[in-house]
Amino acid sequence: MYMNPYVFEKLAKQHQIELDQKSRTTWMWIEPINKIGIIQQLTGSWTRKKAVVSEAANEVCCGCCVVTL
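Going by this note's numbering, 37 is the number at position 37 of the sequence shown; the sequence numbering is gapless.
A couple of the hints might just be wrong.
What the hints assert, rightly or not - Heads up, simulated SDA-like pairs for lysine to any residue below, C-alpha to C-alpha not over 20 Å straight-line: (1) Lys50 to Tyr2; (2) Lys50 to Asn4; (3) Lys10 to Ser54; (4) Lys49 to Ala12; (5) Lys49 to His15; (6) Lys50 to Gln16; (7) Lys10 to Asp20; (8) Lys13 to Tyr2; (9) Lys10 to Ile39; (10) Lys50 to Ile39; (11) Lys22 to Trp46; (12) Lys10 to Gln21; (13) Lys13 to Glu55; (14) Lys13 to Thr43; (15) Lys13 to Asn58; (16) Lys22 to Gln41; (17) Lys10 to Ile38; (18) Lys50 to Ala12.
What the hints assert, rightly or not - Derived CB-CB ranges, DEER-like: (19) Ile36 to Tyr6: 29 to 37 Å; (20) Arg48 to Asn4: 27 to 35 Å; (21) Val60 to Gly37: 19 to 27 Å; (22) Met3 to Ser45: 14 to 22 Å; (23) Leu42 to Ala12: 13 to 21 Å; (24) Tyr2 to Ile38: 32 to 40 Å.
Just so you know, the hints here were simulated from the structure itself, not pulled from any lab data. The model shown is predicted, which means the values in this text are computed figures rather than measured ones. Backbone N, C-alpha and C fix where the C-beta goes; we use that ideal spot for every residue, glycine too.
Can you make the complete structure from the sequences, with help from the hints?
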C-alpha cells in the first residue's frame, strides 16, 4: 500500500508521541484493576491515529479525490 510521505511522517510522529506517553503510563498495563482505563486508552489511540491521517491527507490533497477513513 502506498502512503503519501507527508501522511506517513504525521502518523509516525503521532506514534512516537503515543510511545512516549505509554512509557510514562506503564503502570496502567500492569494493574489488573485498570481494564476500563486500558480499553479507553486503546480506543483513544485509534481515534487519534485516524484524526492524524485524515488531517494530513486533507492538507496534502488538492480536493480532487475523497479520503475516507
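Evaluation of the provided hints:
Distance check on the hinted pair: Lys50 and Tyr2 sit about 17 Å apart at the alpha-carbon level, within 20 Å; holds. Proposed proximity of Lys50 and Asn4 is supported: the alpha carbons are some 15 Å apart, at most 20 Å. For a cut-off of 20 Å, the pair hint linking Lys10 to Ser54 stands: about 10 Å separates their Cα positions. The hinted pair formed by Lys49 and Ala12 meets the criterion: a straight-line CA distance of about 10 Å does not exceed 20 Å.
At most 20 Å may separate the alpha-carbon atoms for a hinted pair to count; Lys49 and His15 meet this at roughly 8 Å. Distance check on the hinted pair: Lys50 and Gln16 sit about 15 Å apart at the alpha-carbon level, within 20 Å; holds. Under the criterion of a C-alpha separation no larger than 20 Å, the hint pairing Lys10 with Asp20 is consistent with the structure, at around 16 Å. Distance check on the hinted pair: Lys13 and Tyr2 sit about 18 Å apart at the alpha-carbon level, within 20 Å; holds.
A C-alpha spacing of about 24 Å is found between Lys10 and Ile39, which places the hinted pair above 20 Å, so the restraint is violated. Between the alpha carbons of Lys50 and Ile39 the distance comes to roughly 17 Å, so the proposed pair stays at or under 20 Å and holds. At most 20 Å may separate the alpha-carbon atoms for a hinted pair to count; Lys22 and Trp46 meet this at roughly 14 Å. Proximity of Lys10 to Gln21 is assessed by CA-CA distance (about 17 Å); at most 20 Å being required, the pair is judged to hold.
For the suggested pair Lys13 and Glu55, the alpha carbons sit about 13 Å apart, so the restraint of at most 20 Å is met. For a cut-off of 20 Å, the pair hint linking Lys13 to Thr43 stands: about 18 Å separates their Cα positions. A distance of roughly 17 Å separates the Cα atoms of Lys13 and Asn58; the hinted pair therefore holds under the 20 Å criterion. The suggested pairing of Lys22 with Gln41 holds, with an alpha-carbon distance near 10 Å, which does not exceed 20 Å.
Straight-line distance between C-alpha atoms of Lys10 and Ile38 comes to about 24 Å, which puts the hinted pair past the 20 Å bound. For the hint linking Lys50 to Ala12, the alpha-carbon distance of about 13 Å falls within 20 Å, and the restraint holds. Judged by the Cβ atoms, the range 29 to 37 Å given for Ile36 and Tyr6 holds: they are separated by roughly 36 Å. The beta-carbon spacing between Arg48 and Asn4, approximately 19 Å, falls outside the hinted interval of 27 to 35 Å.
Range check, Val60 to Gly37: about 35 Å between beta-carbon atoms, so the 19 to 27 Å window is missed. Between Met3 and Ser45 the Cβ separation comes to about 19 Å, which falls inside the hinted range of 14 to 22 Å. In this structure the hint that Leu42 and Ala12 lie 13 to 21 Å apart at CB holds, the actual value being about 19 Å. Taking 32 to 40 Å as the suggested C-beta distance range, the pair Tyr2 and Ile38 conforms, at roughly 33 Å.
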